[in-house]
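Participant: So the protein lines, in turn, are chains A and B. Heads up, this note's numbering is the position in the first sequence plus 302, with the first residue counted as 1. Mapping of the second sequence onto this note's numbering: position 16 corresponds to residue 9, and the numbering continues sequentially without gaps.
Some hints here could point you the wrong way.
[Claimed, not checked] Among the chain B residues that face chain A by a calculated CB cut under 10 Å, a handful are:
1) Leu203
2) Val204
3) Asn206
4) Tyr209
5) Ala212
6) Ile221
7) Ala222
8) Gly227
9) Ile228
10) Lys232
11) Leu236
12) Ile240
[Claimed, not checked] Chain B residues, not near chain A, derived (Cβ > 12 Å throughout):
13) Ala93
14) Lys100
15) Gln108
16) Gly183
17) Leu188
18) Asp271
Because the hints were derived from the structure by calculation, they are not lab data. Glycine included, every Cβ here is placed at the ideal spot set by N, Cα and C.
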Amino acid sequence: MPDTPVLELEHVTVQFGGVVAVDSLNLTIQSGEIVALIGPNGAGKTTAFNAITGVYKPTNGCIRFKGDILEENYPQGKMRKLYRGHDNGHYHERLERTPDEICRLGIARTFQNIRLFKQLTVFENVLIAYHSHIQASIFASTFRLNHREERQMRDGAMALLDLVGLADLAQEKADNLPYGKQRHLEIARALATKPELLLLDEPAAGMNPQETDELTNFIYDMKDQFKLTIFMIEHHMNLVMDISDRIYVVDFGKRIADGRPEEIQSNPAVISAYLGVQA
Amino acid sequence: MPLNKHRKLSPVLSLAALILLLVLLIILEQHQSSNRMAVAVLQKGAILAVAAVAMNLPNGFTGIFSLGMAGFMSIGAYITAILTIPTDTIESVYYISGVAGWVMNLKRALDVLPQPLLVLVALLIGGLIAALFAFLIGIPVLRFKSDYLAIATLGFSEIIRALVASPQLDRVTNGSYGLKNIPGFATASGSGVLLIPFAIAAVCIFIMILVINSSYGRAFKAIREDDIAAEAMGINLLKHKELSFVISSFFTAISGGMLAMYMRSIDSKTFQVALTYDILLIVVIGGMGSVTGSIISAFLITAAKEWWLRFFDQTLYIGNWQVPLLRTGFRMVVFSILLMVVVLFYRRGLMGDREFSWEDILGLPQRWRHRRVAIAAAKAEAAAPKDGGQNDA
Ligand SMILES: Nc1ncnc2c1ncn2[C@@H]1O[C@H](COP(=O)(O)OP(=O)(O)OP(=O)(O)O)[C@@H](O)[C@H]1O
Ligand SMILES: [Mg+2]
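Here chain A stands alone, though its shape is the one from the complex (with noise of 0.2 Å):
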């Protein structure tokens, strides 16, 4: 038997009053991959993101974790009429779960446009993230009933800002990072309600190509350490070539092509709607 794939999206459409975001998307994801999302502005790429995290719900399709359903849903009410998506009718059945759900099953996320918990600490920021397993009540929380989970959280926080290099900065407010250390942060935030999954939108926006090496190694160096399948969106054409397993191409919603990186490279599909706005 083959392994049950990490995520998958069978016909996923995501649609927003008349306008298609996500069209009928399939793709797969292996356990210990890195893949990559590609596609130009406006493509559908993080409204596929806020599909998986429950951000949205998808219009149509399934999403599934783990070989376990994760949301799925057909055309409702309105959108029966509205619906535009390519594939319609597959689907009977509606299950779906909040963000915070999704997070603690073992999906995490970063945002494109950073979301840190702007003042506060690095080592808060950090902190609050391990409260997603937390086991005490607000009770025992409150009255220190659970001095040791706590001590373990603060422990586990501090080794983790250790671990990527922001322990000397813990006590310093998120908003006063560097852009750089913040997209750090954002992803060590994500690694501490310890993710099986890691969704990265964008890691790299507006870094330099030396910031962008750093960030390379320290996703590899994430990936080994956690043992994480890592799903990202990226534009910067050097880093997805560089770290990818495979790379998924959308546009308009739609995906146009997936390979390794240097089938896509040598894609025509990929090189008129992607590659060929850029040259």
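Put chain B with the ligands on the given structure of chain A with help from the hints.
Facilitator: Below, chain B with the ligands without anything else, positioned relative to chain A:
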């Protein structure tokens, strides 16, 4: 390192301040007849400090906008009042329509408790019932953006007020006649007028500080900072907003019960929306997200409003000339102007979202020295020729 020295010093200073406060309260209690105003202001300040910290919990720490303070306070106040008014005088309080049978039975049952315990039980019951109401309101409302909660709690507050005053509840709340004969804070021997409210307030605020500094409190702050990120980090928004709102309402009701004991008589008009705004004002002036800010501001504002500015309400003659403007009500004008000035100079309240710390205070002279040196250096540089002329001292 001077900063380290300060860190070691601060528990000592805190202890000293606490002892000083205790001594002060005891002395004031012994001379209460000659210091009525100070005693009243301190009592009310302690009560409003609890209410302000409780209001700060959702509004300043969790980023949800609750305006139901008056409603929850009135729940606490009425329950405390009904349960603590001496059973033998209660007929005279409800002299118009009489007391409902079940209220009477409940009171008789609780009369086995000694007085101090009865008060605590009454405060707790008030808090728990308010918490239950908050829980029920929260379920439908907290799913939405926080403006809904503001409107819903404001509405709830008014509904409670209307209910309390309604003739149907005459035999429970005494309708529009209100309740009197509520026992105050003093014990039979006359002591405790200050120590008791301060002790209750201290316990309440201490527990809220523990909540804020717990893992759940950190989650509240995460929601305040960025709810989308908080949710993506596995924090259940509805659950945590509910927790914050319910805990806040619990302690708000306790402050309401204390207010009933302070006022000795209450009616539905005591708990108008204006009361919520008074507390909101304390929170904003103290600083959203600062517990110590709320406490300091509760005492300062109460003292200013009820005491220090009294002078402006008294007509004053200098010789034959009556000083203009000084008349009843002018105090509130001055108070409002002062508030505006404070808000102008401290946009984020007196404390912002920081907390009081001895280290900060002790570090001040050093920081001032640093600043003086820095300014002097900048001046010297500006005075030096050919430096682009960009330095302003
Ligand atoms: N909440 C929303 N409501 C309506 N339309 C939306 C919403 N979110 C995204 N869209 C639309 O969906 C399309 C895809 O947007 P998305 O953000 O997923 O693109 P992207 O591939 O991430 O682009 P970029 O590279 O610029 O980040 C866009 O046309 C966008 O306007
Ligand atoms: Mg995007």
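Participant: Compare the structure with the hints numbered earlier in the document and write down the numbers of the violated ones, lowest to highest.
Facilitator: none
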